[in-house]
Amino acid sequence: AQSVAQPEDQVNVAEGNPLTVKCTYSVSGNPYLFWYVQYPNRGLQFLLKYITGDNLVKGSYGFEAEFNKSQTSFHLKKPSALVSDSALYFCAVRVTNSGYSTLTFGKGTMLLVSP
Amino acid sequence: DTGVSQDPRHKITKRGQNVTFRCDPISEHNRLYWYRQTLGQGPEFLTYFQNEAQLEKSRLLSDRFSAERPKGSFSTLEIQRTEQGDSAMYLCASSPGPGLADPYEQYFGPGTRLTVT
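First to last, the protein sequences are chains A and B. What the first sequence shows, in this note's numbering, is residues 1 to 115, in sequence order. What the second sequence shows, in this note's numbering, is residues 1001 to 1117, in sequence order.
Because the hints were derived from the structure by calculation, they are not lab data. Using N, Cα and C, we set each Cβ at its ideal position, and we do this for glycine too. Treat the hints with care, since some could be wrong.
What the hints assert, rightly or not - Cut-off 20 angstroms, straight-line C-alpha distance, at most; resulting in silico cross-link-like pairs (EDC-like, lysine to aspartate or glutamate):
id: 1; chain 1: A; residue 1: Lys-22; chain 2: A; residue 2: Glu-64
id: 2; chain 1: A; residue 1: Lys-107; chain 2: B; residue 2: Asp-1086
id: 3; chain 1: B; residue 1: Lys-1011; chain 2: B; residue 2: Asp-1086
id: 4; chain 1: A; residue 1: Lys-22; chain 2: A; residue 2: Glu-8
id: 5; chain 1: A; residue 1: Lys-77; chain 2: A; residue 2: Glu-15
id: 6; chain 1: A; residue 1: Lys-107; chain 2: B; residue 2: Glu-1044
What the hints assert, rightly or not - Okay, the calculated bits of chain A under chain B, using three or more residues with CB under 8 angstroms as the criterion:
id: 7; stretch: 40-53
id: 8; stretch: 85-95
id: 9; stretch: 102-110
What the hints assert, rightly or not - Sample of chain A residues lacking proximity to chain B, with all beta carbon distances greater than 10 angstroms (derived):
id: 10; residue: Pro-7
id: 11; residue: Asn-12
id: 12; residue: Ser-26
id: 13; residue: Gly-29
id: 14; residue: Lys-58
id: 15; residue: Ser-70
id: 16; residue: Thr-72
Please take these sequences and the hints and turn them into a complete structure.
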């Protein structure tokens, strides 16, 4: 079965410092990987995706993610955190079944950026 | 606003009552998905529509749940005889259908938070 793991329930970082939110995956075939962010009482907002090509993917709000096939990881990164980045972050993998695709999500990582 | 919309945003109901939620996808999107998100968990897939056809249902979707997408536009999710375990955020997402450039990602609505007392 295809799955995503986010090993940290919470990540704490000071504003201005670099941040990393970890994600590992288990899929058969080529992985299509995504990061979404969720603010309180809001739906999920798409941040970035890896489909193919360059292992370093750049997305919205200055976020980027590095795809590492040998380590089956897709960690989310940002060089300089902002307090407004505090939110719940989800890693997801696209799962294709009989001609349709859904997303399988990790359980989420809460990012808290302190002033 | 041309994003995915959901109504209502919040619903409080008593155990045993029926509830219905509505989702309006992005207008040109043929694919529509329902997910359920409980506290401390990521969204879990419930069901999928391509146009008006419901092509897949998760085992999470018990026989108390039914979803429709008449005319391939908006969709409704009904829960009959609600139970406290149904309390969750119900998320709708849409994406472009076959024949259009597939960006792979899904676009989510704000969700409907259901509380069953």
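Does B/Asp-1086 lie within 20 angstroms of A/Lys-107 when you go C-alpha to C-alpha?
18 angstroms, holds
Hinted pair, alpha-carbon criterion (20 angstroms max): B/Lys-1011, B/Asp-1086. Please report holds or violated.
Distance of about 12 angstroms is within 20 angstroms: holds.
Would the least Cβ to Cβ distance between A/Ser-26 and chain B come out above 10 angstroms?
Label holds. Min Cβ-Cβ 15 angstroms, cutoff 10 angstroms.
Three or more residues of the stretch 40-53 of chain A near chain B by CB distance under 8 angstroms?
Holds: 8 residues of the stretch 40-53 of chain A have a Cβ under 8 angstroms from chain B.
Please confirm whether A/Asn-12 is truly not at the interface, meaning its C-beta sits more than 10 angstroms away from all C-beta atoms of chain B.
The assertion about A/Asn-12 holds, with a minimum of 18 angstroms to chain B.
Given the hinted pair A/Lys-22 and A/Glu-64, is their Cα-Cα distance within 20 angstroms?
12 angstroms, holds
Need the status of pair A/Lys-107, B/Glu-1044: alpha-carbon distance at most 20 angstroms?
It holds: about 10 angstroms lies between the C-alpha atoms, which stays within 20 angstroms.
Between the stretch 85-95 of chain A and chain B, are there enough contacts, at least three residues with CB-CB distance under 8 angstroms, for the coverage claim to hold?
As far as the stretch 85-95 of chain A goes, the hint holds, because 3 residues have Cβ atoms under 8 angstroms from chain B.
Once the closest CB in chain B is found, is it more than 10 angstroms from A/Pro-7?
14 angstroms, holds
Is A/Gly-29 truly not at the interface, in the sense that its beta carbon sits beyond 10 angstroms from all beta carbons of chain B?
Check passes; 14 angstroms lies beyond 10 angstroms.
Within the assertion that chain B covers the stretch 102-110 of chain A, do at least three residues meet a Cβ-to-Cβ distance smaller than 8 angstroms?
holds (count 7)
Could you let me know if the closest chain B CB is still more than 10 angstroms away from the CB of A/Ser-70?
About 23 angstroms separates A/Ser-70 from the closest Cβ of chain B, which puts it past 10 angstroms; holds.
Checked against the numbered hints given earlier, this structure breaks none of them.
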